[in-house]
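Working from the sequences, and respecting the hints, build out all of it.
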Amino acid sequence: MHVLREEFDVVAMDFTTAGEASATIKRLLKKLGVNSSVVRRLSIACYEAEINLVIHSMGGKLILTVGAQDVTLTSEDVGPGIPDIDLAMSEGYSTASEDVRMMGFGAGMGLANMARNADGFSIESKVGVGTRIEMVFRLTDAQKTEGAV
Amino acid sequence: MNILSLSEKIEASILTKEADTSREVSSGYTCDLLSWVMAHGREGMAWITVQTHMNVIAVATLHDMACVIIPEGIKVENDVVEKADEEGICILASPLTAYEISGRMHDQGIGAM
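Respectively, the protein sequence lines represent chains A and B. At position 11 of the first sequence the residue is numbered 10 (numbering that gives the first Met the number 0), and the sequence of numbers has no breaks. At position 28 of the second sequence the residue is numbered 27 (numbering that gives the first Met the number 0), and the sequence of numbers has no breaks.
Hint data in this document are derived by calculation from the structure and do not stem from the laboratory. Hints are not guaranteed to be accurate.
Mimicking DSBU-like on lysine-lysine, the simulated pairs with C-alpha atoms at most 30 Å apart in a straight line are [to be verified]:
no.: 1; chain 1: A; residue 1: Lys29; chain 2: A; residue 2: Lys60
no.: 2; chain 1: B; residue 1: Lys82; chain 2: A; residue 2: Lys29
no.: 3; chain 1: B; residue 1: Lys74; chain 2: A; residue 2: Lys30
Quick list of simulated restraints, FRET-style, between CB atoms [as the list claims (entries may be wrong)]:
no.: 4; chain 1: B; residue 1: His105; chain 2: A; residue 2: Lys125; range: 44 to 50 Å
no.: 5; chain 1: A; residue 1: Met57; chain 2: B; residue 2: Trp35; range: 23 to 29 Å
no.: 6; chain 1: B; residue 1: Glu7; chain 2: A; residue 2: Ser35; range: 29 to 35 Å
no.: 7; chain 1: A; residue 1: Glu19; chain 2: B; residue 2: Lys74; range: 33 to 39 Å
Some chain B residues flagged as far from chain A (calculated, every beta-carbon gap over 10 Å) [as the list claims (entries may be wrong)]:
no.: 8; residue: Asn1
no.: 9; residue: Glu7
no.: 10; residue: Ala18
no.: 11; residue: Thr29
no.: 12; residue: Leu32
no.: 13; residue: Ala38
no.: 14; residue: Gly43
no.: 15; residue: Leu61
no.: 16; residue: Ala97
no.: 17; residue: Gln107
Virtual Cβ for every residue (Gly too), placed ideally from N, Cα, C.
As structure tokens, then:
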């Protein structure tokens, strides 16, 4: 049963609005009374996904689905895709441009940080088509320590 | 220590007008890589960075940080300060270097995480 489903469009290379979707999702979950540890972990993972859409995709969306037992956050984009997912998942690896790095992005921590904060993480990507990431956060068990590997 | 007392210790002016300066600072962090800060930020943290664009406020907000400290008198654009006020995040601007600010904060008993 879905309590709520919301979609947020994310525009490629628009750094002025980057983070807005994550902030809105955070407020929404707080309003729903979701456990604060879950809200924090989800907000962090969501921001990483949002920034990835801004930096690497040609545009995409974040889909939030709140269920009775868990919250699912899906990131879908039209973009170049990821040729080697294992390499992209390793901390420190980044394909971000020099301009983006100057802003403090592109540390190569994004995907790993998403996986670390979510209770469930799956990624599929097709080169030249796009990438889809699904993250699940359990509402019933908030035991996962924030930032723990 | 709260934000107002901290601002005095690091010779900082408070750029935001509405954000609560009585909030306690629980820890300090110095880093300019935003995704690194996303991975290591904490609630109540005072974050020192030379980055001054809008996404600094997004990162600070998502972590419920206490304040962002901009070192070496770097100018912060008005729209960024307004956004910080909207989100309730204080921005402090200090003429000191990030190194000096970190040292003074540590001397005042504000530790790492």
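Hint check results:
1. A:Lys29 - A:Lys60: Roughly 21 Å separates the two Cα atoms, so the pair holds.
2. B:Lys82 - A:Lys29: Satisfied, since the Cα-Cα distance of roughly 20 Å is no more than 30 Å.
3. B:Lys74 - A:Lys30: Given that 30 Å is the threshold and the Cα spacing comes to 35 Å, the pair is violated.
4. B:His105 - A:Lys125: 44 to 50 Å: 49 Å, holds
5. A:Met57 - B:Trp35: 23 to 29 Å: Check passed, 26 Å falls within 23 to 29 Å.
6. B:Glu7 - A:Ser35: 29 to 35 Å: 31 Å, holds
7. A:Glu19 - B:Lys74: 33 to 39 Å: 24 Å, violated
8. Asn1: Holds: least Cβ distance 22 Å, greater than 10 Å.
9. Glu7: 28 Å, holds
10. Ala18: Correct as stated: the minimum Cβ-Cβ distance to chain A is 16 Å, above 10 Å.
11. Thr29: 13 Å, holds
12. Leu32: 4 Å, violated
13. Ala38: The claim breaks: Ala38 (chain B) does not keep its Cβ more than 10 Å from every Cβ of chain A (closest is about 5 Å).
14. Gly43: With a cut-off of 10 Å, Gly43 (chain B) remains clear of chain A, as the shortest Cβ separation is near 12 Å.
15. Leu61: Leu61 (chain B) is in fact no farther than 10 Å from some Cβ atom of chain A, at 5 Å.
16. Ala97: The claim holds: Ala97 (chain B) sits with its nearest Cβ about 14 Å from chain A, beyond 10 Å.
17. Gln107: Holds, since 25 Å exceeds 10 Å.
Hint compliance for this structure: hints 3, 7, 12, 13, 15 are not met, and every other hint is.
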